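> Letter by letter, the chains look like this.
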Amino acid sequence: MTSDILINKLKETNIPYCNFDKSPPSPAGNYGAIKIHKDLAYISGQMPFTGIGILYPSHQELTNHIDINEIGYKASQIAVFNAFLQLVKNKSISEVKSIVKVEGFFRHIEGTNLPKMLDGASDLITNIFPDNEFHARTVYGVTSLPYNAFVELSIIAEIE
Amino acid sequence: MTSDILINKLKETNIPYCNFDKSPPSPAGNYGAIKIHKDLAYISGQMPFTGIGILYPSHQELTNHIDINEIGYKASQIAVFNAFLQLVKNKSISEVKSIVKVEGFFRHIEGTNLPKMLDGASDLITNIFPDNEFHARTVYGVTSLPYNAFVELSIIAEIE
Amino acid sequence: MTSDILINKLKETNIPYCNFDKSPPSPAGNYGAIKIHKDLAYISGQMPFTGIGILYPSHQELTNHIDINEIGYKASQIAVFNAFLQLVKNKSISEVKSIVKVEGFFRHIEGTNLPKMLDGASDLITNIFPDNEFHARTVYGVTSLPYNAFVELSIIAEIE
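Residue numbers (my numbering), protein chains in the order written: chain A, 6 to 165; chain B, 6 to 165; chain C, 6 to 165.
Next comes chain A alone, as it looks inside the complex:
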């Protein structure tokens, strides 16, 4: 799938807070947003940054009347959106062929919520690549994440 088609598909998803006009989050150090090795793109950790800041910085700060699974779902959806944004804005990549692996790390103590939360990423990927064989994934709850983000995704994509 070319970057143009991928951008159009992403726009059709109408995910709140996802902004196509700005650049994706920049690396804050001596590393790259993407390292390409042959036909694989290793994407640095993506978080739920949006045009108006980082969403869901801390589940302690969340109000009680929002379901925590829904918050995790939206957070991983925005993080994987940013991963796609990194891919389409990278000039060395002409096509994104599939997502190979997603590793989701949530700053969350209740393990039973984790799979539903990462579905935000998996559902968006399947929405973009419906005919593709599924990606592999793993999900964990950890102690801390950069920017006190609620989720960080580590993704490998197959490219051309």
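Worth flagging that the hints you see were computed from the coordinates, not collected in a lab.
Here the structure is a predicted model, which means the values were calculated and not measured.
Some clues are possibly wrong.
Any copy, or any two copies together, can satisfy a pair, since identical chains are not distinguished.
Straight-line distance between alpha carbons at most 30 Å, and here's what the computed BS3-like set of lysine-lysine pairs gives [what the hints assert, rightly or not]:
no., residue 1, residue 2
1, LYS121, LYS94
2, LYS102, LYS43
3, LYS27, LYS96
4, LYS94, LYS43
5, LYS14, LYS43
6, LYS121, LYS96
7, LYS16, LYS102
8, LYS43, LYS96
9, LYS121, LYS27
10, LYS43, LYS27
11, LYS94, LYS16
Given the coordinates of chain A, work out where chains B and C should sit on it, guided by the hints.
Just chains B and C now, with coordinates in the frame of chain A:
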């Protein structure tokens, strides 16, 4: 090693609670148990599920007269068994050539136990592939895991 | 870059506690320090071991007048040094071409410190490969690590 030989080798190990007749745990969402990219199989997170449910769901619930290292050892052994089961039941895979990488995530607070616990996975792999060069591995203790599992393994296998 | 050139470059960095004469830390089980698959070397978890033991085994034991970011920086610097040491001491590797991916796991509760801590690894890599495109990286804070280490790095290198 063909799937038939691998199944026979697994049967010879006589690991308690490991059931060859049932299917391996299914993905519970829009992702796959395995994503194949060229000659590598990326296996989604495997946990100590058995025919009678998940073993060692919580170390708090464990009785005190069982050594925690032994519990972790058995849990990672069953999880890597499930990874092998995913490989042999996958119709696109004709041979498993080696295990490239094992990442072990334990829901456990005491770091000094972690290497001994992951040995349950490493020893079984070496039992199956004795002539093979060793796999690489990493091990971490995390806050939470799906199904409150005691361990989750992320594995990359070399296949044909 | 050949192992000889890489060793010389590492020596020029003059990192305290880094010893080129001793062997890198050995695996303590049925796994290898490095698994090579084609032109990628998957390096098992590296920690801040030095010739005089493990540095920074526990941030609780650290004195208050040392900045925690600086401690994490040095710990990840020594851990990535050990990863390079594993590469140059491996007889199957004639050249190290680039670092593809660094995953940093810190035993640390405050997420905002994590990126600065992992810079110790990223800066040393960029020092060694200044003309290279940057590596990808992810960083997490976890509950526990082997040997109660302060940091564990999981690294993939491109080799020949």
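> Take the hints in turn and mark each one as holding or not.
Each hint, compared with the structure:
1. Taking the shortest alpha-carbon separations for LYS121 and LYS94, both the intra-copy value of 29 Å and the inter-copy value of 26 Å come in at or below 30 Å.
2. In this homomeric assembly, LYS102 and LYS43 come within 30 Å of each other (Cα to Cα) both inside a single copy, at 13 Å, and across copies, at 13 Å.
3. Taking the closest pair of Cα atoms, LYS27 and LYS96 come within 30 Å of each other only inside a single copy of the chain (16 Å); across copies the shortest separation is 43 Å, beyond that limit.
4. In this homomeric assembly, LYS94 and LYS43 come within 30 Å of each other (Cα to Cα) both inside a single copy, at 18 Å, and across copies, at 26 Å.
5. Proximity of LYS14 and LYS43 under a CA criterion of 30 Å is satisfied in both settings, with 25 Å inside one chain copy and 27 Å between copies.
6. For the homomeric pair LYS121 and LYS96, the shortest alpha-carbon distance between copies (28 Å) is at most 30 Å, but the shortest distance inside one copy (34 Å) is not.
7. Taking the shortest Cα distances, LYS16 and LYS102 sit within 30 Å of each other inside one copy (18 Å), while across copies they are farther apart (38 Å).
8. In the homo-oligomer, the alpha carbons of LYS43 and LYS96 lie at most 30 Å apart both inside one protomer (15 Å) and across protomers (24 Å), since each shortest distance falls under that limit.
9. For a Cα distance limit of 30 Å, the shortest separation of LYS121 from LYS27 qualifies both inside one copy, at 29 Å, and across copies, at 25 Å.
10. In this assembly of identical chains, the alpha carbons of LYS43 and LYS27 lie at most 30 Å apart only when taken from the same copy (28 Å versus 35 Å across copies).
11. With identical chains, the CA atoms of LYS94 and LYS16 are at most 30 Å apart within one copy only, with a shortest distance of 15 Å there and 38 Å across copies.
The structure is consistent with each of the numbered hints, conforming to all of them.
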